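Chains as they are written, first to last, in our numbering: chain D, 1 to 113; chain F, 114 to 226.
Please keep in mind that the hints were generated in silico from the structure rather than gathered at the bench. The reader is advised that the hints may include incorrect statements.
To be verified - Quick list of in silico lysine to aspartate or glutamate cross-link-like pairs, EDC-like style, CA-CA up to 16 angstroms:
{"no.": "1", "chain 1": "F", "residue 1": "LYS169", "chain 2": "F", "residue 2": "GLU189"}
{"no.": "2", "chain 1": "D", "residue 1": "LYS65", "chain 2": "D", "residue 2": "GLU54"}
{"no.": "3", "chain 1": "F", "residue 1": "LYS213", "chain 2": "D", "residue 2": "ASP99"}
{"no.": "4", "chain 1": "F", "residue 1": "LYS165", "chain 2": "F", "residue 2": "GLU176"}
{"no.": "5", "chain 1": "F", "residue 1": "LYS173", "chain 2": "F", "residue 2": "GLU189"}
{"no.": "6", "chain 1": "F", "residue 1": "LYS181", "chain 2": "F", "residue 2": "ASP167"}
{"no.": "7", "chain 1": "F", "residue 1": "LYS173", "chain 2": "F", "residue 2": "GLU129"}
{"no.": "8", "chain 1": "F", "residue 1": "LYS213", "chain 2": "D", "residue 2": "GLU58"}
{"no.": "9", "chain 1": "F", "residue 1": "LYS213", "chain 2": "D", "residue 2": "GLU101"}
Stated by the list, open to error - Covered by chain F, according to a simulated footprint, are these stretches of chain D (three or more residues, beta-carbon under 8 angstroms):
{"no.": "10", "region": "38–52"}
{"no.": "11", "region": "104–110"}
As the structure is a prediction and not an experimental result, all values here were calculated from the model. Here a beta-carbon is modelled for each residue, glycine too, at the ideal position from N, C-alpha and C.
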Amino acid sequence: SAVISQKPSRDICQRGTSLTIQCQVDSQVTMMFWYRQQPGQSLTLIATANQGSEATYESGFVIDKFPISRPNLTFSTLTVSNLSPEDSSIYLCSVVSGDGEQFFGPGTRLTVL
Amino acid sequence: GNSVTQMEGPVTLSEEAFLTINCTYTATGYPSLFWYVQYPGEGLQLLLKATKADDKGSNKGFEATYRKETTSFHLEKGSVQVSDSAVYFCALSSTGGGNKLTFGTGTQLKVEL
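Construct the entire structure; sequences and hints are all you get.
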């Protein structure tokens with residue numbers, strides 16, 4: 001199994017600012033993902049965080065809006081830039097363990113005013 | 114592309130009632146199928162999974178059978194408890210998809226005494 005922590009757990013931000021979310025895993029993992037869960041909606045994959053290289057973004061998500069860093073195999077950050085109220089969501093990181101099971105962090109609840 | 118369709122919620126049941134939450138999918142190849150559960154105030158947890166046709170995943174009294182012929186993975190439990198109240202997500206990971214998950218919209222279950 002993998003234990004994942006995220007910081008912050010929640011934040012309230014002003015329109016036009018940015019928020020950086022940290023994801024820390026208690027073991028080295030190859031695959032790490034960032035998801036968004038909009039209010040009352042399901043989870044949507046934003047990108048795959050690749051260690052040592054640029055993240056791979058899903059359709060509809062771009063690096064300028066959601067820059068991602070992955071400096072090592074236990075840590076990643078997601079920045080949500082130029083915030084608007086439509087960015088209010090829960091952001092979750094997930095990792096895939098050695099046996100292929102995917103574990104999710106507790107999420108970061110973002111509210112944009 | 115891949116997609117998952119779940120029955121609409123919320124579903125309200127009395128304790129000890131039988132539960133079925135329908136899930137159908139569209140995917141290329143031979144996906145792995147999952148049910149995740151999100152209890153109130155908690156993160157997403159894997160409930161059960163099945164990786165090939167006719168496999169039955171089971172956990173905590175819940176079961177789901179991978180039906181390739183009907184492209185379905187319905188979640189069932191013979192006797193629900195109040196503690197089962199949560200949001201349930203059906204998801205798939207397609208062959209060669211790099212463990213990326215596609216989620217259904219989620220079904221909220223409320224179990225009453």
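Hints and how they fare:
1. LYS169(F) / GLU189(F): It holds: about 11 angstroms lies between the C-alpha atoms, which stays within 16 angstroms.
2. LYS65(D) / GLU54(D): The hint holds at about 14 angstroms.
3. LYS213(F) / ASP99(D): Holds, because 15 angstroms separates the two Cα atoms, which is no more than 16 angstroms.
4. LYS165(F) / GLU176(F): 15 angstroms, holds
5. LYS173(F) / GLU189(F): The hint holds at about 11 angstroms.
6. LYS181(F) / ASP167(F): 7 angstroms, holds
7. LYS173(F) / GLU129(F): 14 angstroms, holds
8. LYS213(F) / GLU58(D): Holds. LYS213(F) to GLU58(D) sits at ~10 angstroms (cutoff 16 angstroms).
9. LYS213(F) / GLU101(D): 11 angstroms, holds
10. 38–52: With 6 residues close enough to chain F, the hint holds.
11. 104–110: Our answer is that it holds, as 4 residues pass the Cβ test (under 8 angstroms) against chain F, meeting three.
This entry satisfies every hint, going by the numbered hints stated previously.
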